[in-house]
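Chemist: Chains A and B are the protein sequences, given in the same order. Residue numbers for the first sequence, in this note's numbering: 2 to 339. Residue numbers for the second sequence, in this note's numbering: 16 to 342.
Worth flagging that the hints you see were computed from the coordinates, not collected in a lab. Please note that a few of the clues may not be correct.
Claimed, not checked - Calculated cross-link-like contacts (lysine-lysine; reagent style DSSO-like; alpha-carbon spacing at most 30 Å):
id	chain 1	residue 1	chain 2	residue 2
1	A	K89	A	K9
2	B	K35	A	K9
3	B	K69	B	K144
4	A	K41	A	K199
5	A	K295	B	K265
6	B	K265	B	K35
Said to hold, decoys possible - With the Cβ distance kept under 7 Å, some of the chain A side facing chain B (calculated, not the full set):
id	residue
7	L121
8	V128
9	A131
10	G138
11	M254
12	L260
13	L273
14	G276
15	G311
16	V313
17	V315
18	V317
19	I319
20	A320
21	Q323
22	Y325
By construction, the Cβ of each residue, glycine as well, lies at the ideal position given by its N, Cα and C atoms.
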Amino acid sequence: MNNKSMLKRLISNPDFSRLLILILMFVLTAVLQRNFFAMKSIVRNINSFTPLILMTMGQAIVIISGGLDLSVGTALSLMTCVLTSVMKEGAPITGFYALVVTFIVAMAIGAINGIGIGYLRIPPVIVTFATSFIWLGIALFLRPTPGGETVDWFQAFYKIRSVETAPAFLKAFGEIIPPALILVLLGALMWWILSRTKTGRYIYAVGGNSESAYETGINTAWVQMKACMINSVFIFLAALFFVGQNRSGDARMGDPLTLKAIAAAVVGGIALTGGRGSVTFALVGALIFSFVSKIIFFANIPNAYQTLFGGVIVIVAIAASQIYTLSSRRSVEESRLT
Amino acid sequence: MRMSAKIRESDVYKIADRYKKLLIAFGLIVFLFVLGEIVVETFFSVGQVLLTIKLSAFIALFGLCQMVVIASGGSGLDLSVGYMATMTAVFTAAIMDGQNANLWLAILVAVGLGVAVGLANGVLTAYAKLPPLVVTLAMANILQGIINVYTAGRNITGRPSPVLQIIAAKSSGMFPNILFILLIIAPVVMIILYKTKWGLKLFGSGANETAAYLSGVNVRVVRCTAFVISATLASLIGLLLIGNMGIAFKDMGSNYVMPSIAAAVVGGVSLTGGDGNFVGVILGAIFLQTLTNLLVALGWGDAGKWTGFGIVLFVLLIVYVSDRRRR
Numbered sequence: 002m003n004n005k006s007m008l009k010r011l012i013s014n015p016d017f018s019r020l021l022i023l024i025l026m027f028v029l030t031a032v033l034q035r036n037f038f039a040m041k042s043i044v045r046n047i048n049s050f051t052p053l054i055l056m057t058m059g060q061a062i063v064i065i066s067g068g069l070d071l072s073v074g075t076a077l078s079l080m081t082c083v084l085t086s087v088m089k090e091g092a093p094i095t096g097f098y099a100l101v102v103t104f105i106v107a108m109a110i111g112a113i114n115g116i117g118i119g120y121l122r123i124p125p126v127i128v129t130f131a132t133s134f135i136w137l138g139i140a141l142f143l144r145p146t147p148g149g150e151t152v153d154w155f156q157a158f159y160k161i162r163s164v165e166t167a168p169a170f171l172k173a174f175g176e177i178i179p180p181a182l183i184l185v186l187l188g189a190l191m192w193w194i195l196s197r198t199k200t201g202r203y204i205y206a207v208g209g210n211s212e213s214a215y216e217t218g219i220n221t222a223w224v225q226m227k228a229c230m231i232n233s234v235f236i237f238l239a240a241l242f243f244v245g246q247n248r249s250g251d252a253r254m255g256d257p258l259t260l261k262a263i264a265a266a267v268v269g270g271i272a273l274t275g276g277r278g279s280v281t282f283a284l285v286g287a288l289i290f291s292f293v294s295k296i297i298f299f300a301n302i303p304n305a306y307q308t309l310f311g312g313v314i315v316i317v318a319i320a321a322s323q324i325y326t327l328s329s330r331r332s333v334e335e336s337r338l339t
Numbered sequence: 016m017r018m019s020a021k022i023r024e025s026d027v028y029k030i031a032d033r034y035k036k037l038l039i040a041f042g043l044i045v046f047l048f049v050l051g052e053i054v055v056e057t058f059f060s061v062g063q064v065l066l067t068i069k070l071s072a073f074i075a076l077f078g079l080c081q082m083v084v085i086a087s088g089g090s091g092l093d094l095s096v097g098y099m100a101t102m103t104a105v106f107t108a109a110i111m112d113g114q115n116a117n118l119w120l121a122i123l124v125a126v127g128l129g130v131a132v133g134l135a136n137g138v139l140t141a142y143a144k145l146p147p148l149v150v151t152l153a154m155a156n157i158l159q160g161i162i163n164v165y166t167a168g169r170n171i172t173g174r175p176s177p178v179l180q181i182i183a184a185k186s187s188g189m190f191p192n193i194l195f196i197l198l199i200i201a202p203v204v205m206i207i208l209y210k211t212k213w214g215l216k217l218f219g220s221g222a223n224e225t226a227a228y229l230s231g232v233n234v235r236v237v238r239c240t241a242f243v244i245s246a247t248l249a250s251l252i253g254l255l256l257i258g259n260m261g262i263a264f265k266d267m268g269s270n271y272v273m274p275s276i277a278a279a280v281v282g283g284v285s286l287t288g289g290d291g292n293f294v295g296v297i298l299g300a301i302f303l304q305t306l307t308n309l310l311v312a313l314g315w316g317d318a319g320k321w322t323g324f325g326i327v328l329f330v331l332l333i334v335y336v337s338d339r340r341r342r
């Protein structure tokens, strides 16, 4: 009897079923992709999943704090444009300048979104919709067409082996652990540390109930602004990866990631109402989302159908998660009552 | 005597307050024209004003879609309008094939597509309680995807019917014909919104959901209907767009999404729902088009346009929407 109810509780736990779906998708992909476990394809998969994973974790933090950021895609594009505008090919030192300047830009992006959401109390969706066009416009000023210059060592963010001047042991290290994985781990570590500080707790408190958080003396506006700036750091990491990979900046390349990141966060159990969900499971959501895209790719669907299926998946994922979360919460409440 | 004078004075304030946002929008337009005349010579002329109005008519019509959705409350916005219009234009181009006789079929198809997409948006937001912006953004992707699939193996063929071209592209004397369409639609919209039961229900659902529900309004149906109207209107605007351009192409409508929302906000439509004045939206559209003209004249092109629109929307959100005072 007890066992049965425990099993029931386990199945009705959304996180458990999410892991189950992830494992299912993993197995399906492993079956469909030839040489799935070969080193080469593992690295390739990690590389293609990384941007979405980083963007999803950042977006998840904003959503938990009670916001929603529609500007992440164009913010990413802008950062790639800034990086490639500051760098000059053949002058390695400009790479460092680019890092510093772009990080400042990232912080400014987070701060402006944060001021709109937190201090001015404009509905998050609409204010980030407005700022997304400011980022797009500035990115177009810098790079009307895709292109730009990068320094050679910047490829280290994608593939250390391509950097000729890199020492041999670093090249070997990059073959085992791809830089993309390090970027994801860096982001995850940052959040892991932050979630153990007051800031982490406050982000949940403000997202859950901003009124009572305010009454207990939390500076809610500052907390929401910090959430936006943490998100910016994640976007910054994704921008480093993109520029390392493509060696160019593009004012339009980030657009599709906005919606995907939101959808992946929702699949990972982040409630769009704020205050609920964990960033670890946002990562799980991003993985599920990436595996599904991979499976669709293997199903030999023509390229023209990609956008269509992307949109359908988002709606189905969000609707399913919403219905599932609502019903499972009800069933958990019922089981508590009995 | 003193009493009546007092009442009149307060009436003046009331009227001034009601039309404050319209006056601000109008003032902004005048400001831009003056600025344009100073910075770029030969910016202001009757022809220029009429051309601006013609171009802004499309923004204003898309703004009407947004206004209806925003007014119904629930923090609604429709990001799929531009793609809806593109899809209709692309599909009906082949149907019309340059014949007036086929226009009715094209209109029927446009309405059918609009109702279907609008229903999907409405059900997902009003009944499944999903955030409108995320749903309509995903819907925009789906529609873009359908257009991609349709145009993948073939060229977009067909031309609009001549009647549509006359309505959307040609002028009578110096006045562009689309101006007359706007002059017909504006009062009709105002009468529907302010004088009919349905308009009252729409504004009621937006202003106070609970009160509307308790007085017997089915809020979900109203919000769902708002999305259907928005998509259907957008679909019909697609016909006008192809009439104006003469051909249909993949990105013809997507650049109108951002301006349509900005026009609604500049025009004083409250984003919390429950109000909306179409005249304001038209003024907002004219303001945005004038801004575009000015930035193009300065040689800042697309980059300047999007930055400008973004900043305008951001600043106006701060002025109109932000509620610092409560806290």
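Chemist: Against chain B, run the beta carbon of Q323 of chain A and see if the smallest gap drops under 7 Å.
Modeler: 6 Å, holds
Chemist: Would the hint linking K295 of chain A and K265 of chain B be met if the CA-CA limit is 30 Å?
Modeler: The given pair, whose Cα atoms are some 27 Å apart, holds under the 30 Å limit.
Chemist: When the nearest CB of chain B is found for V315 of chain A, is that gap smaller than 7 Å?
Modeler: For V315 of chain A, the interface hint holds, since the closest Cβ of chain B sits about 4 Å away, which is under 7 Å.
Chemist: With 7 Å as the cut and Cβ atoms as the points, is V317 of chain A at the interface with chain B?
Modeler: 9 Å, violated
Chemist: Is K265 of chain B close enough to K35 of chain B, meaning Cα to Cα at most 30 Å?
Modeler: 39 Å, violated
Chemist: Grab the minimum C-beta distance from V313 of chain A to chain B and call the hint holds if it beats 7 Å, violated otherwise.
Modeler: Check passed: Cβ of V313 of chain A comes within 6 Å of chain B, closer than 7 Å.
Chemist: Does the nearest C-beta of chain B fall within a distance shorter than 7 Å of the C-beta of V128 of chain A?
Modeler: 6 Å, holds
Chemist: Can M254 of chain A be said to touch chain B, with a Cβ gap under 7 Å?
Modeler: 16 Å, violated
Chemist: Is the straight-line distance between the alpha-carbon of K69 of chain B and that of K144 of chain B 30 Å or less?
Modeler: 38 Å, violated
Chemist: Tell me if L121 of chain A is really an interface residue toward chain B, meaning its C-beta lies closer than 7 Å to one of theirs.
Modeler: 4 Å, holds
Chemist: At a threshold of 7 Å, is the proposed contact between G311 of chain A and chain B supported by beta-carbon distances?
Modeler: 6 Å, holds
Chemist: Using 7 Å as the Cβ threshold, decide whether A320 of chain A counts as touching chain B.
Modeler: With a closest approach of 6 Å, the A320 of chain A hint holds.
Of the numbered hints listed earlier, those contradicted by the structure are 1, 2, 3, 4, 6, 11, 14, 18 and 22.
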